[in-house]
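Q: Assemble chains D and G onto chain H, guided by the hints.
The lines below spell out each chain.
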Amino acid sequence: MRFQTAAASLLGLAVLPILMPWLEFVLTLAIAKGFAALGVAVLLRAGLISIGHAMFFAASAYGVAFLSRAGVADFALAMLASVLLAASLGVIVGTFLVRYRAIFFAMLNLAVSMVFYALCSKLYGLTGGTDGMAVPIPTVFGVSLPDPAFKSLLYYFSLILMVVVGFALHHYLNSPLGQALSAVHSNEIRLEYLGVPVWAVLLIAYAASAGLAGMGGAIAGFAVGRVVPDFAFWTASGHLILIAVLGGIGGVPGAFIGAVFLELLHSAAVSVTDAWNLIVGAALILVIVFLPSGFYGLMKQEKAPSL
Amino acid sequence: MSSAFIPLLLDSLASAALIFFAAVGLTLVFSVLKVLNVAHGSLYSIGGYLAASLSLFVASRGLNPYFSFVALLLSAALVAAVLGPLLEATLIRWVCGKSEAVQILATFGLFLILEDLQRIIFGVQSYYEDTPMRLMGTTTLGGVVYLNYQLVLIGVALAVIFGLRFLIRHTRLGRLMAAVVADREMAQSIGINTDRIFLLAFSLGVFLAALGGALSTPTSGIAPGLGADTMVLAFAVAAIGGLGQIEGAALASLIVGVARVTAVYVAPEFDAVAPYAAMLVVLLVRPYGLLGTMKIRKV
Amino acid sequence: MTSDVILKATDLRVSFAGIKAADGVNIQVNRGEFVAVIGPNGSGKTTLLNICTGYITPGSGSVHLEGAEITGLAPRKIARLGIARAFQIPQLFSDQSVINNIMLGLAARHGLWTALRPLETPARRKEAQDLLELVGLGEDANRISSTLPEGHRKLLDIAVALALEPRLLLLDEPTSGVSALDRFPLMEAIMGAIRQRRISALFVEHDMDVVARYADRVVVWNAGQIMAEGTPAEVFSNDEVLKRVVGVA
Chain H
8 MRFQTAAASL LGLAVLPILM PWLEFVLTLA IAKGFAALGV AVLLRAGLIS IGHAMFFAAS
68 AYGVAFLSRA GVADFALAML ASVLLAASLG VIVGTFLVRY RAIFFAMLNL AVSMVFYALC
128 SKLYGLTGGT DGMAVPIPTV FGVSLPDPAF KSLLYYFSLI LMVVVGFALH HYLNSPLGQA
188 LSAVHSNEIR LEYLGVPVWA VLLIAYAASA GLAGMGGAIA GFAVGRVVPD FAFWTASGHL
248 ILIAVLGGIG GVPGAFIGAV FLELLHSAAV SVTDAWNLIV GAALILVIVF LPSGFYGLMK
308 QEKAPSL
Chain D
63 MSSAFIPLLL DSLASAALIF FAAVGLTLVF SVLKVLNVAH GSLYSIGGYL AASLSLFVAS
123 RGLNPYFSFV ALLLSAALVA AVLGPLLEAT LIRWVCGKSE AVQILATFGL FLILEDLQRI
183 IFGVQSYYED TPMRLMGTTT LGGVVYLNYQ LVLIGVALAV IFGLRFLIRH TRLGRLMAAV
243 VADREMAQSI GINTDRIFLL AFSLGVFLAA LGGALSTPTS GIAPGLGADT MVLAFAVAAI
303 GGLGQIEGAA LASLIVGVAR VTAVYVAPEF DAVAPYAAML VVLLVRPYGL LGTMKIRKV
Chain G
848 MTSDVILKAT DLRVSFAGIK AADGVNIQVN RGEFVAVIGP NGSGKTTLLN ICTGYITPGS
908 GSVHLEGAEI TGLAPRKIAR LGIARAFQIP QLFSDQSVIN NIMLGLAARH GLWTALRPLE
968 TPARRKEAQD LLELVGLGED ANRISSTLPE GHRKLLDIAV ALALEPRLLL LDEPTSGVSA
1028 LDRFPLMEAI MGAIRQRRIS ALFVEHDMDV VARYADRVVV WNAGQIMAEG TPAEVFSNDE
1088 VLKRVVGVA
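Residue numbers (this note's numbering), protein chains in the order written: chain H, 8 to 314; chain D, 63 to 361; chain G, 848 to 1096.
Chain H on its own, in the form it takes in the complex (with noise of 0.2 angstroms):
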């Protein structure tokens, strides 16, 4: 029955854009916000909560950008080393942040990602300032696409990482890895006491959901064909957080639905108001006191009771 759902869901993404061409970008998008809401459920999974995640998504597609002015035009090249980028940045913003749990490790995340924005807008020699800098069409395996073609192949490229992601997220969240990482939220006592160095599974879940933040960032930054200092604004955090907060603490799937629903909802509500972030915020807040297992979460205890 899941598997029904999953598969039918997944053929209705691959379609829709045929059908409406304008969602491809749109979907695009919302499955680039995915991965790096994915990131920021990872850590909510032991309770903590970054409001500075949108860091890690602004440094890969600057990342991507650097690479091509560098002369790096090989798309999967590109998206590799722009991960693995935005990996060792969390590597090294985590080993000082792991430490730390709550209030402190959300505002901290907020302070480095607020000093990262400022640099990447201040440094306009390097950065470009505000303007940003062009992230060019890459060549596909030494073949140069056209615009179009490029973008499709980027949709459909998203939609199969986010299945390959998606399985290999589950299972290291089921593995003793992923476990104990819950197990820091619930008791982080009893799993100093088993011997469990609580920082070092701490770090590896910070660096890879810095990773999958920064998988969402180069295809955002691909897609967009620019990256700003927007990107990493501390606002970009919160929405991040809302999908994660909407796609329920754990469910993998439930970070793509909610970034699908707001990217959705976002670009019919751009037509009609321009105060995206006070809907985002209230809509924070609605979550956190009706649906506090968001909306994946509710769709679940719907199910138990008929069990």
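Treat the hints with care, since some could be wrong.
Derived CB-CB ranges, DEER-like [claimed, not checked]: (1) G/ILE991 to D/LYS160: 20 to 30 angstroms; (2) D/TYR350 to H/PHE148: 44 to 54 angstroms; (3) G/ASN888 to D/GLN250: 20 to 30 angstroms; (4) H/THR280 to G/PHE863: 58 to 68 angstroms; (5) H/ASP138 to D/SER161: 37 to 47 angstroms.
Lysine to aspartate or glutamate pairs mimicking DMTMM-like chemistry, simulated, CA-CA at most 20 angstroms apart [claimed, not checked]: (6) D/LYS96 to D/ASP192; (7) G/LYS924 to G/ASP942; (8) D/LYS160 to G/GLU1076; (9) D/LYS160 to D/GLU247; (10) G/LYS855 to G/ASP870; (11) G/LYS924 to H/GLU195; (12) D/LYS96 to D/GLU309; (13) H/LYS129 to D/GLU309; (14) D/LYS96 to D/ASP333; (15) D/LYS96 to D/GLU331; (16) H/LYS129 to D/ASP291; (17) D/LYS160 to D/ASP291; (18) H/LYS129 to D/ASP245; (19) G/LYS1090 to G/GLU1076; (20) G/LYS1090 to G/ASP1054.
Looking from chain H toward chain D, a few residues come up when the C-beta cut is under 10 angstroms (computed) [said to hold, decoys possible]: (21) VAL22; (22) LEU55; (23) ILE58; (24) ALA118; (25) VAL294.
Just so you know, these hints were derived from the structure itself, not from any lab.
The beta-carbon is built from N, C-alpha and C at its ideal position, and this holds for glycine as well.
A: Just chains D and G, lined up with the frame of chain H:
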């Protein structure tokens, strides 16, 4: 070099004063309500916007320019009187006692709302209204020109520090607050109306933030993004001082003020990074701040 | 030969805010022994367990595990060296199932890093189930651990500690919070498990009936010092002990 020292000191102290206003409210609310209000920075910028708008109104009506001083204080009081009870009675009271994760998420949602509301109401242009600062004039001492307004900022900050000390140590309200801080359940059980204490403490925190924002407009103006910058800076200061420690916040404001102004004088491109560098150094040595203590779970 | 001495704590001193919780304490646990520490409330018995597991570092003195010094190591390092601990208030992964608690303990022993396989493998589940049967929680494997009654939570806490296959088990008031009726069945379950696995144990206890029946040796802790030591029969015939600690005579 020595001729540069006094202005540097004065600039640092004035900068520290403004930072202190933002941080002390955050840390005060945290110590009493045990809630870290992520939207605290917005209250600072709302105070600033309101003060700038009122000052501009005073100027446009041709009123006595000294009214713009009144406008600064009035706007802070107004923000505290309206937003303090409104936010406390709704969202803040709801998150009180909930897990820290819920507190962070809910007040972060509030932060997004308040920042967007300011953009919608006040627009994206910068406000600059320096009448109060010009009225104050300058003092020339030993060939160096000082802004009198900076002295006022330092004076008000000192007044707030001593005022808070007096409030906490020598008034009934202060003792009730201290009782709630020490043991909330015990305070409740002996009949202290904690809801009222929370409301007053939160509104006081809002007032201090809005006052800081209002006082900052004549020197630095106000532009979009101030709320977020202030929030992070206020947290950095509160974290350096030890979350919930008022004296710690004062000490930390000094450190950050000096770090920031020194950066402006020595390496201007790093002025925005300097406070965080200071925070990083302090937290590496003392992970929970200068006067902070780590909560250890009892086993 | 030191190999028959599992734990040796020498001249431990620690004080909190001027109060001496331990003031020159020496304690030894030999292989296969079940040693009880008794004493009035607040005399610093839990402090001893906190020192032995690295939760606090003593002001002076040393702790050796099978001859190797472990004083001041982090709890996770000491756990890996072979000391497991059960707590006075059970420390469980309370939102997870009973068997998951055990499987996490087993995974911690097997090493979290080697496994790219899921936490729940058939082999690990069986091992966990066996351990649960051993302490009499076999029926509760799939319950969420926070829904267990207090006595069963204590058993689970001990079982999680046993999952580490420790050389030394530290128990902090295993029968506190458990009804008088359930105390002996609980102790039987614990004793069965540690005897079967030949684990040495040090336990802090306030129930003198439990101590008298199960302990091989009793250490009487009073005001930060050891005031008596010996077999239960010896200790409980000491008038000073009866007056100060047991509260009779």
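Q: Give a verdict on every hint.
A: Hint check:
The supplied range of 20 to 30 angstroms is met by G/ILE991 and D/LYS160, whose beta-carbon atoms lie about 21 angstroms from each other. Checking the proposed 44 to 54 angstroms range against D/TYR350 and H/PHE148 shows it holds: the Cβ atoms sit about 52 angstroms from each other. Take G/ASN888 and D/GLN250: their Cβ atoms lie about 28 angstroms apart, and the range 20 to 30 angstroms holds. At about 59 angstroms, the CB distance of H/THR280 to G/PHE863 agrees with the hint of 58 to 68 angstroms.
Take H/ASP138 and D/SER161: their Cβ atoms lie about 42 angstroms apart, and the range 37 to 47 angstroms holds. Distance check on the hinted pair: D/LYS96 and D/ASP192 sit about 37 angstroms apart at the alpha-carbon level, beyond 20 angstroms; violated. Note on G/LYS924 and G/ASP942: the hinted pairing is violated, with a Cα-Cα distance of about 26 angstroms set against a maximum of 20 angstroms. For the proposed pair D/LYS160 and G/GLU1076, the alpha carbon gap of about 48 angstroms is over 20 angstroms, so the pair is violated.
Between D/LYS160 and D/GLU247, the direct Cα distance comes to roughly 15 angstroms. Compliance with the 20 angstroms bound is thereby established for this hinted pair. A hinted pair counts as satisfied when its Cα atoms are at most 20 angstroms apart, and G/LYS855 with G/ASP870 qualifies at roughly 16 angstroms. Of the pairs offered as hints, the one joining G/LYS924 and H/GLU195 holds, with about 15 angstroms between alpha carbons and a cut-off of 20 angstroms not exceeded. Between D/LYS96 and D/GLU309 the alpha-carbon distance is near 17 angstroms, which keeps this suggested pair within the 20 angstroms criterion.
This hinted pair does not check out: H/LYS129 and D/GLU309 have alpha carbons roughly 34 angstroms apart, beyond 20 angstroms. Restraint check: the Cα-Cα separation between D/LYS96 and D/ASP333 comes to about 32 angstroms, which exceeds 20 angstroms; the hinted pair is violated. Taking the CA atoms of D/LYS96 and D/GLU331, the gap is about 36 angstroms. The hint is violated against a cut of 20 angstroms. Distance hint between H/LYS129 and D/ASP291 is fulfilled; the C-alpha atoms sit about 15 angstroms from each other, no more than 20 angstroms.
With a C-alpha separation of about 27 angstroms, the suggested pairing of D/LYS160 with D/ASP291 is violated against the 20 angstroms cut-off. A distance of roughly 47 angstroms separates the Cα atoms of H/LYS129 and D/ASP245; the hinted pair therefore is violated under the 20 angstroms criterion. Taken as a hint, the G/LYS1090 and G/GLU1076 pair is honoured in the structure, with Cα atoms around 15 angstroms apart against an allowance of 20 angstroms. Pair hint G/LYS1090 plus G/ASP1054 holds up; C-alpha atoms about 16 angstroms apart against a cutoff of 20 angstroms.
With 10 angstroms as the threshold, the beta carbon of H/VAL22 stays out of range of chain D, its nearest partner Cβ sitting at about 34 angstroms, so the hint is violated. Below 10 angstroms, beta-carbon pairs count as interface contacts, and H/LEU55 has one with chain D at about 8 angstroms; its hint therefore holds. Interface hint at H/ILE58: satisfied, since its Cβ lies 6 angstroms from the closest Cβ of chain D, which is below the 10 angstroms cut-off. Residue-level restraint check for H/ALA118 holds (minimum Cβ-Cβ distance to chain D is 5 angstroms; threshold 10 angstroms).
At its closest, the beta carbon of H/VAL294 sits 8 angstroms from a beta carbon of chain D; the interface hint therefore holds under the 10 angstroms criterion.
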